[in-house]
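Chains as they are written, first to last, in UniProt numbering: chain X, 1 to 163; chain Y, 1 to 289; chain G, 1 to 769.
Please keep in mind that the hints were generated in silico from the structure rather than gathered at the bench.
It cannot be assumed that every hint is accurate.
[Unchecked claim] For lysine-lysine, the following DSBU-like pairs were computed, each having C-alpha atoms within a straight-line distance of at most 30 Å: (1) G:K122 - X:K29; (2) Y:K256 - X:K29; (3) X:K97 - G:K501; (4) X:K97 - G:K10; (5) G:K757 - Y:K282; (6) Y:K42 - G:K119; (7) X:K29 - G:K32; (8) G:K202 - G:K591; (9) G:K10 - X:K94; (10) G:K757 - Y:K256; (11) Y:K55 - X:K127.
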Amino acid sequence: MQAIIDNNGVKRYLVTIQVNGDNYTRVVKANTLLVNFLREELDLTGTKKGCELGDCGSCTVLMDGKPVNSCIVLAVEADGREITTVEGLAQSEKLDKIQESFIENAAVQCGYCTPGMIMSAKALLTKNPHPTEEEIREAIAGNLCRCTGYVNIVKAILAAAGE
Amino acid sequence: MFLPDFEYYMPASVQEACALLAEKGPTAKILSGGTDLLNKMKHGLVAPEVLISLKQLDQLTSIAYVPDKGVVIGARATHNDICNSLLLQEKYLSLCEAAHHMANNQIRNVGTIGGNIVNAVPSADLPPILMALGASITLVGRQGERVMALEDFFVGPGKTRIAQDEIVAEIVIPDQPLTGSTYIKFGLRRSGALAVVGVAVAVTMEGNVCKDARIALGAVGPVPMRAPKAEAMIIGKTVNEELLEEVGVCASTECKPISDIRGSEEYRRDMVRVFTKRALRKAIDEGHV
Amino acid sequence: MSDKYSVIGKSVPKMDGRVKVTGQAKYTGDLKFPNMLVGKILTSPHAHARIISIDTSEAEKLPGVKAVITHKDVPSLKYGISPARWDENIFCIDKVRFVGDKVAAIAAVDEETVYKALKLIKVEYEVLPAVFDPEEAIKEGAPQIHDEYPRNINTEIHQNFGDVEKAFAEAHHVRTDRFVGNRTYQCPIEPHSAISIWEGGKLTVYSSTQSPHYFQYYIAREFGLKMGDVRVIKTYVGGGFGGKLEPTGLEFCGAVLSKITGRPVKMFYDRHEMFAHNRGRHKQIMEITTGVDKNGKILGVHANFIMDGGAYTSLGIATAYYAGAMLTLTYDFVNYKFDMIRTYTNLPACGAQRGHGAPQPRYAFECHLDNVATDLGIDPIELRKVNARQPNTITPNEFKVNSCELAECISKAKEISGWQQKKGKLGKGRGIGIAVGSFVSGAGYPIYRTNLPHASAIIKVHEDGSAATLYTGATDIGQGSDTVLCQMAAEAMGFRYENMKIVAADTETTPHDFGAYASRQTLMSGSAVKQAGEEVKKQVLELAAEMMEVEVSDLDCRDSAIFVKSDSEITKPFGEVAREFFVRKGPLVGKGVYAPPKLGGKFKGAPVGTSPAYSFAAQISEVQIDEETGEIDVQEVWDVHDCGMVINPSLLHGQVHGALFMGMGESIWEQVLFDDQGKILNPNLGEYRMPTAMDMPKVTSALVESYEPAGPWGVKEVGEGATIPTMGCYANAIYDAMGIRVNSLPLTYEKVWRALKEKREKEKVSVGV
């Protein structure tokens with residue numbers, strides 16, 4: 001990985017991260033977190049910060065298809081990887097079936113946990129298209145929601161799986 | 001929250017990593033999954049000036065069976081790699097189940113077995129089951145390789161025998177004639193909870209007689225620990241409910257829990273009694289390793 | 001046209017569903033403005049200390065730092081959301097009162113610089129003795145937290161209705177129980193955030209707020225600005241639950257930093273800073289005494305409480321009154337005595353959290369009544385039926401209850417849970433328990449004394465009639481008020497919901513509304529919206545009558561189609577008439593306003609608890625207890641609600657699920673813990689345990705038919721009602737399962753284990769083992 005040192009001796013690294021299918025080459029500091037890279041560098045604010053410690057899951061993105069907490073991944077570690085955020089789910093106008101199902105099943109209240117929740121659901125249904133309710137609950141156990149009690153969220157994911 | 005500044009290196013080989021560790025000294029830390037380390041840095045508990053990332057060391061991610069050695073798990077295998085490994089599901093399902101209990105799915109996709117062990121949090125989920133399975137840990141440094149039993153690796157909370165220039169290379173679980181093993185994690189909610197008590201057991205049964213047993217306890221002492229007196233109580237005996245209760249009581253006297261925000265010493269001790277009993281019953285009845 | 005209503009009563013999709021599932025919705029922390037700085041607050045590491053000196057020189061020198069402020073740079077006017085107790089400063093001047101109290105603030109070019117600069121501010125403290133327990137705080141010799149409040153008594157209440165002593169003397173059975181609640185925190189997933197921007201003398205604040213109006217009012221007051229020169233805008237809010245009802249240091253410091261630097265300043269709390277800021281639930285220590293006749297009919301109740309208010313008042317005065325006020329709602333008794341002391345302690349300040357003061361007393365009362373039922377040998381459901389409030393009655397503290405279907409809720413809960421088949425028959429370690437609750441549908445009086453109406457609304461129909469925009473100050477914080485109010489607007493106008501637009505919660509463009517708290521918006525904001533919609537419809541029908549040459553009394557409108565009542569084949573599109581209206585007369589606008597009637601008695605504190613309407617609920621839970629570990633496995637919960645007319649069933653049940661979930665968290669897991677220096681031990685979402693998706697039981701949310709005359713189309717609240725019975729419900733189910741009482745919250749596994757252990761030991765002793 002190429003590094004650049006500025007006049008104050010601050011070292012920065014050249015990274016290329018694929019996000020939602022497009023490659024982005026940027027210069028970042030070693031301590032830049034992936035969540036901030038996405039939100040600040042790329043203006044993709046769909047991914048949220050709720051705790052910055054990996055406890056709440058609102059920063060969940062897919063890294064090479066696997067859900068991770070972007071608040072505890074360094075941007076330099078994500079160099080060369082493929083990231084999918086909530087903004088990358090819809091195909092132009094057409095929403096992903098999970099997104100549609102969340103709307104139809106009233107699984108969105110304040111919406112702050114929603115992007116992370118949908119990414120966890122997306123990863124699950126990609127790997128396991130017909131999960132049991134228990135498997136769904138396990139898949140989203142790392143996504144905390146304070147509004148819904150998870151009832152309609154589980155319902156929405158089950159419905160999306162059923163299609 | 002924010003991370004302090006640090007220099008970042010991506011060595012292309014294990015030797016290069018060790019050389020960097022030696023060169024940079026105690027201010028350098030290994031970045032494996034980073035789920036523990038980065039949070040500690042955000043809290044200001046550690047402030048390494050150098051992070052040495054293992055991300056180029058693909059050979060450390062493998063999980064394979066090596067004849068005459070056993071199952072070899074690379075230090076960079078994530079918890080979900082372990083859960084999903086068909087080899088481990090076949091040979092050591094209890095290890096997969098233990099890995100599955102850890103934190104949440106997102107963390108399990110990033111947190112590694114090497115990191116979990118080196119961080120040496122007393123309530124970590126992998127050490128007890130690995131100890132019950134008789135695992136050894138391989139460390140690689142400038143001087144070469146050394147192997148030790150995993151239970152000898154831990155010194156205190158957050159402290160292990162790893163040298164400054166060493167990294168964890170692999171965990172080896174030797175072939176052994178076990179008939180059953182399990183790990184029970186008792187946490188305060190069903191996900192995202194540190195163990196209040198963790199009990200791992202591995203048994204070799206012949207009918208109703210226990211030929212061999214290992215009991216390892218987590219979260220009830222400064223390090224994950226074996227319960228040798230409880231083991232001695234069951235080895236060679238015919239197993240029944242009364243014996244299991246006695247073994248549980250014995251294990252509860254051997255552990256050294258403290259009182260903290262998750263539970264009092266008294267409660268943890270009694271939970272060791274309960275879960276040692278239950279883990280043995282489960283390992284014996286389910287009959288899978 | 002077989003449905004009575006065209007829009008309300010239907011589970012239409014949310015107005016903001018799509019933007020939220022795509023990540024397009026911008027919450028305050030997502031917003032960026034040109035030239036924007038980032039600001040954060042330096043807080044006190046001590047629970048109680050005098051500030052000797054503050055040296056900001058090193059911080060000011062750090063490249064990228066644009067402003068550093070302390071108390072000398074801001075107004076010293078004390079503020080607070082409760083006008084009777086303005087006891088907070090933007091920055092502490094002489095001393096700090098809890099770990100997390102505000103000392104200084106910095107604005108810098110980016111986050112990293114701000115965090116680094118905060119570490120460079122040097123503050124010298126003289127540490128003072130601190131007090132962390134309410135019962136200790138009122139003792140002689142305890143450290144004084146605020147000079148003006150001796151013995152650290154923030155609020156003292158003594159209310160007396162009827163004659164409780166006489167009632168106890170005449171009672172067949174009198175019993176006293178003591179319960180201790182827990183200090184919990186709302187924990188919205190979205191952290192607080194505020195962006196302040198000045199244009200000349202006008203301040204605009206984007207904030208994660210539940211009430212742009214209260215924020216506008218108190219910010220204007222603090223800085224001596226005209227309200228018209230303060231604009232508060234809510235974009236999207238990721239949950240509030242009562243914790244975002246008052247302006248915080250982020251708004252006050254942000255305004256000053258922005259003024260000094262001439263640049264927009266974004267401020268936010270990290271998760272642990274949210275815990276320190278708090279304004280969450282008060283821990284209450286509750287002693288309840290009840291006298292009953294031999295049938296279990298309550299003759300009198302004495303509630304004697306003390307609550308830990310933390311270092312400042314916040315909304316705590318109201319909380320203190322609500323704690324006692326709400327106990328009279330569910331059961332019909334005449335003699336009631338309520339004594340309460342709210343104390344200061346050197347801990348984060350407590351305020352209003354979902355249910356506002358009522359959940360813990362309800363836990364206490366419901367457990368206490370189950371004890372009474374056991375004493376008398378009466379089934380807990382029968383006891384409640386004997387005492388359940390009836391419609392059109394008045395409580396001893398003068399709350400007028402119109403609709404009340406509590407008895408029906410209890411019966412239905414009993415039926416759908418299978419209570420009869422289960423009670424006493426579930427087997428070892430399993431139990432079933434019930435609790436009831438009630439809550440206000442909006443507070444009868446606003447937070448500060450004013451004669452402003454509580455809600456107002458404007459509807460503007462688009463010039464070509466193809467859309468209509470509802471302008472409302474009502475604040476959607478996730479509960480769905482935007483959606484529900486658009487449904488109401490559409491229904492009142494006879495317009496299609498799909499063509500509704502909404503502009504909400506912007507003090508410059510939307511008409512006054514007090515915002516989202518006390519579950520007020522469906523009833524109160526909805527009343528104003530209904531009126532506005534009806535005014536639009538009236539103007540449309542009048543013109544349509546002219547255009548169609550029929551009597552206006554023969555016209556009606558539904559789904560954007562005007563039709564002749566006597567011959568519904570004759571129709572005219574709403575849009576066509578609306579367009580013609582604009583051409584002839586200009587903007588087609590409807591206005592609505594709502595103020596509740598004068599409610600309540602004349603005694604001290606009478607306003608608190610008044611409401612135009614009250615919701616009622618019964619909750620039953622089935623639990624399984626692991627006898628060896630004390631682990632509580634809630635198998636299933638049934639909630640039956642009387643919330644009047646339901647505007648959007650999906651959203652309503654969603655609110656019940658969520659409120660129950662919060663009640664469940666507070667029942668079993670949630671507690672903010674402190675060390676002996678007043679520092680929070682678990683200010684994070686790993687150790688402050690909210691239930692995860694794997695911890696939730698099966699939930700059935702059911703309703704009973706109900707119509708509330710004081711609410712538009714008969715509506716009442718639901719957002720807070722389902723939090724209230726949960727703690728008592730679980731505790732009663734545990735008692736049924738194991739015969740043990742856990743008299744403090746949360747009902748942890750270890751507490752159950754300990755109670756079981758003590759029970760076994762007592763049994764051994766009594767058997768003489």
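Check: Checking against the hints above, which ones are violated?
Finding: 2
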